[in-house]
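Each chain is listed here by its residues.
2 protein chains.
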Amino acid sequence: MYKCPSGAGVLIPAMQAHLTHQHCWNSLPSPSVREAASMYSTAVAIFLVILVAALQSSEPPESLFPYHIPLDPDGILELSWNISYVQKIIHFQLQVQGLRAGVLFGMSDRGEMENADLIMLWTDGNRSYFADAWSDQKGQIHLDAQQDYQLLQVQRTSDGLSLLFKRPFVTCDPKDYLIEDDTVHLVYGILEEPFQSLEAINTSGLHTGLQRVQLLKSEVPTPAMPADVQTMEIRAPDVLIPDNETTYWCYVTELPPGFSRHHIIMYEAVITEGNEALVHHMEVFQCAAKFKSFPHFNGPCDSKMKPDRLNYCRHVLAAWALGAKAFYYPEEAGVAFGGLGSSRYLRLEVHYHNPRNIQGRRDSSGIRLYYTATLRQFNAGIMELGLVYTPVMAIPPQETAFVLTGYCTDKCTMLALPPSGIRIFASQLHTHLTGRKVITVLARDGQERKVVNRDNHYSPHFQEIRMLKEVVSVFPGDVLITSCTYNTEDKKLATVGGFGILEEMCVNYVHYYPQTELELCKSAVNDGYLQKYFHQVNSFNNEEVCTCPQASVTEQFTSVPWNSYNRDMLKALYRFAPISMHCNKTSAVRFQGEWNLQPLPEITSTLKDPTPNCPTGRAVSRTNPTTVSISWGRG
Amino acid sequence: MYKCPSGAGVLIPAMQAHLTHQHCWNSLPSPSVREAASMYSTAVAIFLVILVAALQSSEPPESLFPYHIPLDPDGILELSWNISYVQKIIHFQLQVQGLRAGVLFGMSDRGEMENADLIMLWTDGNRSYFADAWSDQKGQIHLDAQQDYQLLQVQRTSDGLSLLFKRPFVTCDPKDYLIEDDTVHLVYGILEEPFQSLEAINTSGLHTGLQRVQLLKSEVPTPAMPADVQTMEIRAPDVLIPDNETTYWCYVTELPPGFSRHHIIMYEAVITEGNEALVHHMEVFQCAAKFKSFPHFNGPCDSKMKPDRLNYCRHVLAAWALGAKAFYYPEEAGVAFGGLGSSRYLRLEVHYHNPRNIQGRRDSSGIRLYYTATLRQFNAGIMELGLVYTPVMAIPPQETAFVLTGYCTDKCTMLALPPSGIRIFASQLHTHLTGRKVITVLARDGQERKVVNRDNHYSPHFQEIRMLKEVVSVFPGDVLITSCTYNTEDKKLATVGGFGILEEMCVNYVHYYPQTELELCKSAVNDGYLQKYFHQVNSFNNEEVCTCPQASVTEQFTSVPWNSYNRDMLKALYRFAPISMHCNKTSAVRFQGEWNLQPLPEITSTLKDPTPNCPTGRAVSRTNPTTVSISWGRG
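For the protein sequence lines, the chains are A and B, in the order given. For the first sequence, my numbering assigns the number 1161 to the initial residue and increments by one for each residue that follows. For the second sequence, my numbering assigns the number 1161 to the initial residue and increments by one for each residue that follows.
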């Protein structure tokens, strides 16, 4: 057999059809039993053998992989990727430092190591293998019958290894994760010792972890920056990162006196080198104009020393989360800041995620604003959709997927939106700790028309402003329906709506232009109907939910005995009862009109979940791990 | 090109791999675009061309096709079939009298011509074609991308045409009907004129119809008849079939005086020749022993002349429905009849289905009982599972799939079944007109274990006793859960449980041995809890459902305003509220114990719907209609 020359890493062409004369075919472990082809089909067995050993590192240029993320807090694993929307394929580059005996990488529903879709690179001490694999509900690894991750390159680098592989968004393999444009929970694991076979590996015995990211980012072309663009950095002042797992750091700064009205047209994160894995997300808030000044606080946001007035610094100017790139406003719009009628005070909030309790690390990360004095045609605005922050919207305990829905009704959009409508170009979904999914749908004439934004793998620990792939126009009379799905399996009592971290929210902050007076378009169940519900709970169960005027709604929910009937009745109530609307100019000022006891919008046709178009004509591919030649041990 | 000899019909072997040297390949219409094969697959394009013209009829022997059914009331179309459980394939023979320009045959969810899975035989006036096709929601016909019906033979017969084709139970084609062992709604249509293409055909313009049948019958080996077997025919006495669409004919007869105790061990239908398409189903009932005699009535069952006492002739001895074969009892069991303590009086009920209002037809159809004086080891019995006939179980109007569930609890089976259990070998599902699905599941230790019988395409117009493919053993402590799904889209008021044809039932008559005292194991929601529901409806909706003692439950249901909340609450009630059990020896005598306010059985794990195991590795088959050579016009 012809022997492959050792040498520099070889890029393997994507099309297998072109492989024959460029690659080394190696003898393989005992061939697997070929599956019987159906009467109408022929099975085709193709498998790849790759023998690539390189002692030299040759980083691909930055442009090949526009997106990067560290996978672990120690920076051992780093993922880069690019997206081909035409081919519906992602190319991944996984860089591993100080590789021992293998690595696994993949995706799972919410970051668990069980039921994960994985690639495995491992050695049995003698030979090395690469395979598309999956873990079962016990964490046991199995070879995938359909090999959809395709290895393109294995390369030794100066400090470890670099793997290049690709995968279609949709593989039609039930063992594979369906890559959509929402949050993806990436998982990784490090193998410390050789394994005789894939089946001998269980994820529970490995050093593992997860990282959240939006893999399929919107790739709308970035508008050009004007000549007069200026920048301003809102950065933490050399903060000593606390050695706690979670710190929210608050820092108040201010715009220069007399700073006139400008448009923010772009912003990006500035991360202190070395802290890439510690800085989880950051937001810049503008303080309320009604206060002349704000104290210059600099410390943890939950500090008892934090002045109460900082609660009035809540208007989002910019937000970044791990993995996010620069945020560009559409070329016809910008966010107004500075000038009369707006506060000069800004609050920076940095979330440090330090699970290894690293000590002594200093940080000056922050956000760089790009702004211009040449105001663009439109002011961009932010509108809050979803639920009012009120305890009347509650989730019973022990629910795995309880849905609450908030409405922005036709009556409100009719009053508040201009005849030419508004254009939503970005969205930030928000819940507290029990939130698992969020979706906003646009309905017109009683029919659901379009998903504004959806995250079926939403995590409250990963909230970023996302550019929409397609701008959504909303006209007077349209309805916006925002639903959040919660998991309260670990709760003993009901979780009510509210501001507290142990209370819940269901919000979609939509970014749009032209800015209107409408800041808030949210709903909650009518309180009178909720009181009827508590009466029913009492009459049906002979229980004593206090329905006296002194009892708060939270207390009432706390005393509900959560049997199936009371749960079902609450769901039925939220599906049926009239709502109270908040159709507000600012959080305190409503548009004129009657907003209590509003009927629920009637929806006669709903959007169907998009089902991937899986061909019936897929051949059974013979599945064996790919043999890879690597010299193991520290590089 | 080699020309096919004309002559007698040629049976085409089932395996395409053996076809090459036996068949004529014809030039075809323009080839369709071949679908791109995936990277791992090769597309295989195989198609059949069949040129068979025969002037002679050559019926295959009876044994080839054990099952027969007329499709239309005029007897123009007749279907025969056999089943290979090993290959999971059905062979169909469709015989058509006086063929004009084509025929379609197929299956759909409930007998509608839209969204049907079809075969089409049609001519464009010049050539003739056969194809696997489907109709969309508007009845428009389309060629199926995956051709799963395979034509084996086309043959001219003396009076028309005979088609032989086969199809797997499961095709994994979303356009195909999944053939399961429940009721199948067969559809047919007759083409009166040529069509230029398949796409030019819409089912709405054709003469069409439906026929219900169980295609996948149980094929348990038939026990041998003993030497002393005797027969007795219970037949209609030369009845003049009324020219109404629906007639239930009642005829009372009696066993000879002094007829001693025997075991019925088999029965079969005896159909008057020519009436095969008119006799829809027949049942033989034994009258109650408590009356010495019954009037010899002979007339329509809904006649005002029918004596009331005939309502006491309800104990089923034998039941047959269209398409059913002989019913054999297991060799260790038989149904006792005759002798002391049982009535000599029998009632035959024949359902005549005469939609063409045919006049002057006479009929002496009935059932032939095979019985023996050598009693078998066990008496076979019938037990009623499901819901008590009471208005407390109700279905709101305008529901498309409302589920009611009846329980046979562990407490009842503990008391009533012998330690060695009982063996259920057959089952007859029963609802009134709004029933659409019925299922009985066996649960043990809180876990669903086995489906006793299921019909997802249940029709109240097609109730037959079905042999189970596998005998189900039920032991003391087991729970039997029977659920019925109803469609009340055409109702304005609630449909309550009861005996009336416009009221509803949910029953599974299970046939089992050894016979026990338990005749009835059924449940209904506790009435006190239902009254709480009506109270809640009143308090929540400020409506006036009469909850005074004078109002009947039916009246109360009639006055419920059916908004979504009241619907959801009723569902929640039925899921939650305690039940009243009927654990009865006969319909009036209960087993000893407390049967009111029983808790609902707790089920911690449910059976999953069986998903057909569809291979991912199916090749794309090239799809063109098969060209067939036939001389059209009346034979």
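By construction, these hints were calculated from the structure, which means they are not laboratory data. Just so it is clear, the structure is predicted and the values come from calculations on it, not from any experiment. It is possible that part of the hints are untrue.
Identical copies look the same in the list; a pair holds intra-copy or inter-copy alike.
[Stated by the list, open to error] With a Cα cut of at most 30 angstroms, we get these calculated BS3-like pairs of lysine-lysine:
1) K1651 x K1450
2) K1464 x K1485
3) K1464 x K1745
4) K1652 x K1692
5) K1610 x K1298
6) K1485 x K1571
7) K1298 x K1768
8) K1326 x K1571
9) K1731 x K1248
10) K1692 x K1629
11) K1248 x K1597
12) K1768 x K1731
13) K1248 x K1335
14) K1597 x K1768
15) K1452 x K1464
16) K1298 x K1731
17) K1731 x K1597
18) K1452 x K1248
19) K1377 x K1629
20) K1485 x K1731
21) K1768 x K1335
Structure-based check of each hint:
In the homo-oligomer, the alpha carbons of K1651 and K1450 never lie at most 30 angstroms apart, since the shortest distance is 39 angstroms inside one protomer and 61 angstroms across protomers. Taking the shortest alpha-carbon separations for K1464 and K1485, neither the intra-copy value of 34 angstroms nor the inter-copy value of 84 angstroms comes in at or below 30 angstroms. In this assembly of identical chains, the alpha carbons of K1464 and K1745 never lie at most 30 angstroms apart, being 32 angstroms within a copy and 74 angstroms across copies at closest. Proximity of K1652 and K1692 under a CA criterion of 30 angstroms is satisfied in both settings, with 24 angstroms inside one chain copy and 27 angstroms between copies.
In this assembly of identical chains, the alpha carbons of K1610 and K1298 lie at most 30 angstroms apart only when taken from different copies (26 angstroms versus 38 angstroms within one copy). For the homomeric pair K1485 and K1571, neither the shortest alpha-carbon distance inside one copy (37 angstroms) nor that between copies (64 angstroms) is at most 30 angstroms. In the homo-oligomer, the alpha carbons of K1298 and K1768 lie at most 30 angstroms apart only across protomers (20 angstroms), although the nearest pairing inside one protomer, at 32 angstroms, exceeds that limit. When the C-alpha separation of K1326 and K1571 is checked against a cutoff of 30 angstroms, the pair qualifies neither within a copy, at 48 angstroms, nor between copies, at 59 angstroms.
For the identical chains of this complex, K1731 and K1248 are neighbours neither inside a copy (39 angstroms) nor across copies (44 angstroms), given an alpha-carbon limit of 30 angstroms. Proximity of K1692 to K1629 under the C-alpha cut-off of 30 angstroms is found in neither arrangement, the shortest distances being 43 angstroms within a copy and 51 angstroms between copies. For a Cα distance limit of 30 angstroms, the shortest separation of K1248 from K1597 inside one copy, 24 angstroms, qualifies, whereas the shortest one across copies, 42 angstroms, does not. Taking the shortest alpha-carbon separations for K1768 and K1731, both the intra-copy value of 21 angstroms and the inter-copy value of 25 angstroms come in at or below 30 angstroms.
For the homomeric pair K1248 and K1335, the shortest alpha-carbon distances inside one copy (19 angstroms) and between copies (27 angstroms) are both at most 30 angstroms. When the C-alpha separation of K1597 and K1768 is checked against a cutoff of 30 angstroms, the pair qualifies both within a copy, at 16 angstroms, and between copies, at 25 angstroms. In this assembly of identical chains, K1452 and K1464 lie within 30 angstroms of each other by CA distance solely inside one copy; the values are 23 angstroms within and 93 angstroms between copies. Taking the closest pair of Cα atoms, K1298 and K1731 never come within 30 angstroms of each other, the shortest separation being 33 angstroms inside a single copy and 36 angstroms across copies.
In the homo-oligomer, the alpha carbons of K1731 and K1597 lie at most 30 angstroms apart both inside one protomer (17 angstroms) and across protomers (26 angstroms), since each shortest distance falls under that limit. Taking identical chains as interchangeable, the C-alpha atoms of K1452 and K1248 are never at most 30 angstroms apart, the minima being 52 angstroms within one chain and 81 angstroms between chains. Only within a single protomer do K1377 and K1629 lie at most 30 angstroms apart by alpha-carbon distance; the minimum there is 8 angstroms, versus 53 angstroms between protomers. Taking the shortest alpha-carbon separations for K1485 and K1731, neither the intra-copy value of 40 angstroms nor the inter-copy value of 49 angstroms comes in at or below 30 angstroms.
Taking the closest pair of Cα atoms, K1768 and K1335 come within 30 angstroms of each other both inside a single copy (23 angstroms) and across two copies (19 angstroms).
The structure is inconsistent with the numbered hints 1, 2, 3, 6, 8, 9, 10, 16, 18 and 20, although it conforms to all the rest.
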